[in-house]
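With chain A's structure known, arrange chain B on it following the hints.
Now for the letters of each chain:
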Amino acid sequence: MTGMLQKMKNAVRSRSIHVTYVDTGSCNGCDIEVLACLSPRYDLEQYGIYVHNNPREADVLLVLGCCTPQWEDKLKGLWEKIPEPKVAIAIGNCPLSGCVFNREGSYVNPPASKHIPIAASVPGCPPRPTEIIRAILSLAPTVFKDYEEKRE
Amino acid sequence: MKKTVDVAIPIGPVHPCWKEPVRIKCETKGEQVLSVEVELGYMKKGIERIMRGRPWQEVMFLAERVCGICSVVHNMVFIETMEAISEIEPTERAAFLRVIVNELDRMQSHLIANFSYCYTIEHETLAMYLLNEREHVMDMIERITGNRVNTAYMIPGGVRYDLRPEDAESLRETLALLEKNLDRYMRIFENGPMIALRSRDIGILTKEDALMAHAVGPTARASGIATDLRTTHPTYRKLDFEPVVRTEGDNYARIMVRFEELFRSIGLIRRALAMMPEGPVRGGGICKGGEIRYSGEAPRGELTYFVKADRYGRVEDIAIQTPSIMNIDACTHHMLKGVLSVADVTATFISSDPCIACNER
Numbered sequence: 001m002t003g004m005l006q007k008m009k010n011a012v013r014s015r016s017i018h019v020t021y022v023d024t025g026s027c028n029g030c031d032i033e034v035l036a037c038l039s040p041r042y043d044l045e046q047y048g049i050y051v052h053n054n055p056r057e058a059d060v061l062l063v064l065g066c067c068t069p070q071w072e073d074k075l076k077g078l079w080e081k082i083p084e085p086k087v088a089i090a091i092g093n094c095p096l097s098g099c100v101f102n103r104e105g106s107y108v109n110p111p112a113s114k115h116i117p118i119a120a121s122v123p124g125c126p127p128r129p130t131e132i133i134r135a136i137l138s139l140a141p142t143v144f145k146d147y148e149e150k151r152e
Numbered sequence: 001m002k003k004t005v006d007v008a009i010p011i012g013p014v015h016p017c018w019k020e021p022v023r024i025k026c027e028t029k030g031e032q033v034l035s036v037e038v039e040l041g042y043m044k045k046g047i048e049r050i051m052r053g054r055p056w057q058e059v060m061f062l063a064e065r066v067c068g069i070c071s072v073v074h075n076m077v078f079i080e081t082m083e084a085i086s087e088i089e090p091t092e093r094a095a096f097l098r099v100i101v102n103e104l105d106r107m108q109s110h111l112i113a114n115f116s117y118c119y120t121i122e123h124e125t126l127a128m129y130l131l132n133e134r135e136h137v138m139d140m141i142e143r144i145t146g147n148r149v150n151t152a153y154m155i156p157g158g159v160r161y162d163l164r165p166e167d168a169e170s171l172r173e174t175l176a177l178l179e180k181n182l183d184r185y186m187r188i189f190e191n192g193p194m195i196a197l198r199s200r201d202i203g204i205l206t207k208e209d210a211l212m213a214h215a216v217g218p219t220a221r222a223s224g225i226a227t228d229l230r231t232t233h234p235t236y237r238k239l240d241f242e243p244v245v246r247t248e249g250d251n252y253a254r255i256m257v258r259f260e261e262l263f264r265s266i267g268l269i270r271r272a273l274a275m276m277p278e279g280p281v282r283g284g285g286i287c288k289g290g291e292i293r294y295s296g297e298a299p300r301g302e303l304t305y306f307v308k309a310d311r312y313g314r315v316e317d318i319a320i321q322t323p324s325i326m327n328i329d330a331c332t333h334h335m336l337k338g339v340l341s342v343a344d345v346t347a348t349f350i351s352s353d354p355c356i357a358c359n360e361r
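In order, the protein sequence lines correspond to chains A and B.
Residues in the first sequence are numbered from 1 upward in steps of one, following the numbering used here.
Residues in the second sequence are numbered from 1 upward in steps of one, following the numbering used here.
Source of the hints: derived by calculation from the structure; they are not laboratory data.
Hints should not be assumed to be uniformly reliable.
[What the hints assert, rightly or not] Here are the simulated lysine to aspartate or glutamate pairs, EDC-like style, with alpha carbons at most 16 Å apart:
1) A:114 to A:146
2) B:44 to A:149
3) B:44 to A:72
4) B:337 to B:48
5) A:7 to A:104
6) A:86 to A:146
The structure displayed is predicted, hence computed values, not measured ones.
Okay, chain A solo, but in the shape it has when bound (with noise of 0.2 Å):
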């Protein structure tokens, strides 16, 4: 029986996740390939993907930017907010290593793992909309997959 609720489970988590974005600090490249993956060319909603900014609601956090110290607190504390099964993507250069701003001098703390634990990172400054699309959709399904079964 659980087998089968399970199976229930996957099937929907596989066809509907809830995608919400946080920008801690980037130039805003990334965050427009973000809103370029809503449109129409690339339709994120056909493959059950959805986005909107209600960490209360989402499945994927994506982070962008290279964690500013106004952040800190705020992406750990977001983070919190985001009921289970959940899952952190690091979308450009700057979660990674900080990118043209990781100088000495500058005001940034990269990467994004040293605040909340990235699942998978999308390098590129910034990464084109396919390859945003591409790194949900191998991820999540991997992830929420037996995801009851695998917590006991």
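Coordinates of chain B only, in the frame set by chain A:
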């Protein structure tokens, strides 16, 4: 009358309508907004600080990462500042190519601004139409410069790549397609009764207030101030550029100014393609020392670079003044005062097209 505040409502820093983090604190009486405060500082990276002491070749890439939406104009203004210091002239073909890429960048910036506004007033159909048109513009930018967002297309003395004849042909085709589609979307916006309810006579910025707050760009032009630095740029003067001015000063006028500027940009690109002579695109030249203050027209208004370079072309001191800070000031102190509903706060704020990444750098 005694000012009584019922509730102080914070909006942000993470909000469904905003791409960037910013916090707005509204003091409300019932539904009416009495006063508004904008809290910035979530994106401060210290770009100007890391620019100092670096050669211009490095500062060039940092300059275009000040803002991802209008990266081309940051690149263009910084390079023209270095050219003004070193007395380098771009080749004639390169000057027209700069205008073409800059206008394409302005088009995608205006399209995403209008998309954000339509998304905020929940007209999602028009928003998605506009976002899809933006992809055509992005294709053209990618085809000409090789990248979608951070292009690094301009260099002192010219541009990096020439425009091939087949690219020019596909650019003409795309412009024809965009003109046809955008005309339809502009009429949807112009005549939509629901859009008018959310936009007309909301967030009014009078001409006096706009002058007092030093509003720039489309925000000022929607309030009847004919300010556009493109009228003083030498290449744009060859192309007979006339700024778009409207006088209503409300949300509707600001979005309509951007729509009309899209058509001006299409016209400018067409004229530039027709007038562009054959010839080299890289003129060369060595960057020298000196200090200068140089301004250009970004999609959001006047963008000023102050650069002090030493004799090897290293940037000793740099200060950037971006347009959004003026418009945010105009928005908080004039547009948002006395807005009749809290729901209009986000729409009015988005209509002034604030770019937080530009502001805080």
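Hint check, failures only: Going through the list in order, the structure violates hints 1, 2, 4, 5 and respects the others.
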